[in-house]
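Line by line, the protein sequences are chains A and B.
Here the numbering used here is used: the first residue of the first sequence is 1, the next is one more, and so on.
Here the numbering used here is used: the first residue of the second sequence is 1, the next is one more, and so on.
With a straight-line cut-off of 25 Å between C-alpha atoms, the simulated DMTMM-like cross-links for lysine to aspartate or glutamate are:
no., chain 1, residue 1, chain 2, residue 2
1, A, K39, A, D347
2, B, K177, A, E293
3, B, K177, A, E229
4, A, K335, A, E273
Hints are computed from structural coordinates only; laboratory data are not their basis.
What follows is the residue order along each chain.
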Amino acid sequence: MITLPKPKPDVLARRDAVHEGLRAIMQDRGVITDATKLKPYETDGLSAYRQMPLAVVLPETTEQVAAVLRFCHQNGVRVVPRGAGTSLAGGALPLEDAVVIGMMRMNQIVEVNYRDRYAVVQAGVTNLGITKAVEADGFFYAPDPSSQLACMIGGNIGMNSGGAHCLKYGVTANNVLGIKLVTIEGEILELGGTHLDTAGYDWLGIVVGSEGQLGIATEITVRILRAPEGTRAMLAAFDGNEVAGACVDAIIASGIIPVALEFMDRPAIHACEAFAHAGYPLDAEAMLIIEVEGSVAEQDWLLGQIKEICARFNPISLKVSQSAEESAAIWKGRKGAFGAVGRISPDYLCMDGTIPTSTLPLVLRRIGEMSVQYGLQVANIFHAGDGNLHPLIMFDANDPTSMHKAEAFGADVLRLCVEVGGCLTGEHGVGVEKRDLMSVQFTEIELEAQRRVKSAFDPEWLLNTAKVFPLQAGTASAGPDALPHAA
Amino acid sequence: MIAPDDEAGFAAAINAAVADRAPLSIEGLGSKAGFLREMQTAETLSTRNHAGISLYAPQELIISARTGTTLAALEAKLAEGGQHLIAEPPHYAFLDAADQTIGGVVAANLSGPRRVAWGAMRDHLMGMRAVTGRGEVVRSGGRVLKNVTGLDLCKLFAGSYGTLGVMTEVTLKVLPKPQATGTVVLYGLTPEVASRALAVALGSPFSVSGAAFLPQEAAMAVGYERAITIARIEDFADSVTYRVGQLGALWAKFGAVETLETAQSVALWRAVRDAEPLPIQPGDAVWRVSVRPSRGAAVLGAGHGAGLFGYLDWGGGLAFLTGPATMAAHEVVVGAARRAKGDWWLLRAPPELRRSVDAVPHEAPALAAIRQRVVASFDPAGILNPGRLFAA
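Kindly generate the complete structure, drawing on both the sequences and the hints.
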């Protein structure tokens with residue numbers, strides 16, 4: 001179980017005064033203090049953890065965010081930033097003594113510029129909302145996390161979100177040009193702009209993926225790209241994980257970089273097929289979804305090449321989509337994977353390690369052994385091109401033993417990812433979920449170097465406290481008083 | 001010069017410098033010694049003896065090298081695997097050494113024409129090891145393509161010009177080298193019309209991987225008689241043929257188009273990458289200006305009015321300018337960049353100018369305060385390339 005820091009008694013004692021202060025700043029709009037109305041904010045996508053916050057504030061302008069942060073800073077009140085609350089790592093989990101700043105009311109698209117290929121959007125615009133705003137003109141916003149219908153760009157900034165298409169188009173960090181960032185002191189910083197390279201230090205780069213530790217992004221300038229002429233998917237099914245992995249290597253070695261290259265193991269294929277009826281081969285041990293883009297002739301040529309490569313690995317079946325509808329059906333199963341697993345198990349933990357792709361057969365074998373050892377089922381979905389592995393560990397949250405086992409299983413998987421040369425999280429973030437595993441990947445010196453950067457932005461450690469960085473052993477404290485800071 | 005051949009050697013040199021309060025110049029081969037602000041340092045710490053490729057996994061699109069590895073050696077290794085560096089790092093014609101180290105290229109975050117479509121060096125830095133100004137070894141990222149574990153110190157170090165630590169190893173994402181390259185050329189356009197044509201190309205569905213405008217004097221330096229507006233396609237041969245044709249049709253409204261085949265294209269884009277079109281005279285300064293693409297023509301125009309010459313890459317979003325290294329010229333560049341809401345670098349200049357002006361724009365006070373704290377957290381004694389980027 002994850003330990004949360006002790007609430008600050010002086011803040012809890014001033015609960016009413018804090019509520020008063022927030023209402024004054026917000027002119028009585030968008031301040032939630034009533035227990036029943038606070039309830040929806042007590043958890044996020046990591047729903048096994050719940051904690052009611054001190055209050056929720058729903059600002060509508062950058063200036064309000066600045067005023068609220070300034071107030072919290074002056075009063076020593078902790079702050080938890082929140083987008084749509086879809087974090088699978090508990091990134092938006094409240095603290096008892098913290099004010100949650102929910103960004104959902106800042107949902108305006110401020111500017112779209114096709115000539116210079118950027119869009120300026122507020123933090124509460126959904127990921128898919130950006131693409132929806134520009135797709136009629138042939139453009140799109142590239143990063144496409146599975147939660148893209150709900151998740152907000154502000155949260156994508158926090159977690160440096162990826163998706164199935166980042167092998168070609170990169171992750172959030174590669175697609176952001178500018179951020180309006182409000183610091184804990186209420187200063188509004190303009191980082192980057194509408195141009196590609198920024199002079200001096202790469203503040204955009206350190207802010208993207210910082211999980212709300214450095215400030216709150218209120219307005220984001222993203223690159224928008226012209227969509228390709230078309231895309232098409234194919235399925236390739238194999239009778240073993242090794243041979244499917246070798247096929248992935250052979251595709252990359254041929255010089256073809258598919259726009260997406262997804263791998264599913266047998267349990268994942270079965271769960272998704274039962275859910276989506278996508279025509280997945282149920283006799284396969286492993287399946288690849290491969291997507292290419294370009295004109296119809298280009299798609300035909302690329303898929304022909306890939307088919308030839310796949311044929312060298314004794315596939316059980318190869319199916320090239322003949323239409324946009326067939327491609328959509330192929331993707332429907334994959335994109336619905338989480339829901340599909342949710343149908344066959346009351347609860348699941350979605351892990352998110354990354355591994356060198358060459359270690360996939362070994363890692364899947366070891367995960368299979370752990371599944372037997374813990375007595376819990378697991379389905380594996382893998383962004384094969386970039387090594388990002390999502391084991392879905394199935395358990396029953398009403399059974400404390402089952403939940404405890406699932407967490408231990410997940411931690412073992414992530415230790416394995418680090419052991420084979422990978423990392424704890426490829427796109428979901430550390431949050432509270434993986435916080436205590438950080439020392440598996442980093443030395444104390446390395447963690448301290450990161451903490452000092454955090455301290456440079458947030459000296460009192462009020463922003464998203466108790467996430468990302470392990471608490472000091474034994475103290476359950478996460479404040480600067482517990483941390484040896486920069487000299 | 002201290003030039004260790006292992007990480008412990010860098011830590012020892014830095015610890016000694018901290019103890020002596022003796023600032024260090026951090027460099028690879030010194031090719032960018034004339035870049036940005038001038039420094040007063042007691043000693044030089046070079047990565048030049050810390051070379052070698054430590055990991056190359058072509059099927060995982062990953063290469064790791066010690067930072068003293070030369071760009072030429074790294075590119076040769078990648079060529080064996082049919083791959084290349086995605087950001088196409090430049091080898092500027094005005095460098096002070098015949099080659100550069102990969103550490104220097106990453107530390108300066110210098111990218112070539114492909115940056116407009118495929119990202120900068122900082123985007124492909126997947127992992128690094130560095131010795132900080134505390135003499136401590138810090139790793140960030142790793143050897144995998146997707147990694148959001150902890151704060152991304154790789155991004156902070158890329159482009160930090162050696163002011164936070166000495167990177168000892170970098171891991172980069174790489175991609176297959178395209179089978180063919182094609183270029184569509186328009187002749188004789190004004191900067192404003194050229195910039196519209198480049199926007200059409202980059203806004204097309206044909207995956208343009210280079211988009212530049214060379215005014216007449218720049219075009220003449222690379223063998224063309226009139227101004228050229230150029231767009232590049234890199235891919236499999238049949239795709240290149242098809243897309244060059246499509247792009248040519250889109251561009252027909254701007255004038256007669258010509259197309260270049262692979263060999264000519266590769267040579268032309270290498271020249272654009274390396275700033276060869278700049279008519280640099282001895283003692284001249286070189287500025288680099290990053291703006292939104294539609295503002296590039298105005299930057300070029302402002303420079304021209306003050307006797308500066310240059311050209312545009314990145315669809316108009318990157319302007320190179322060169323001319324007399326005077327305060328007046330510098331002010332013109334700074335003013336043009338500011339009006340375009342962009343950023344500028346005094347990339348290279350004689351010592352007199354480098355001593356008297358900023359090399360990059362000042363941050364707002366709140367950000368400058370954060371920057372000072374961040375830099376001090378890595379280099380509390382202020383001994384790593386002090387003043388290289390900012391005076392204070």
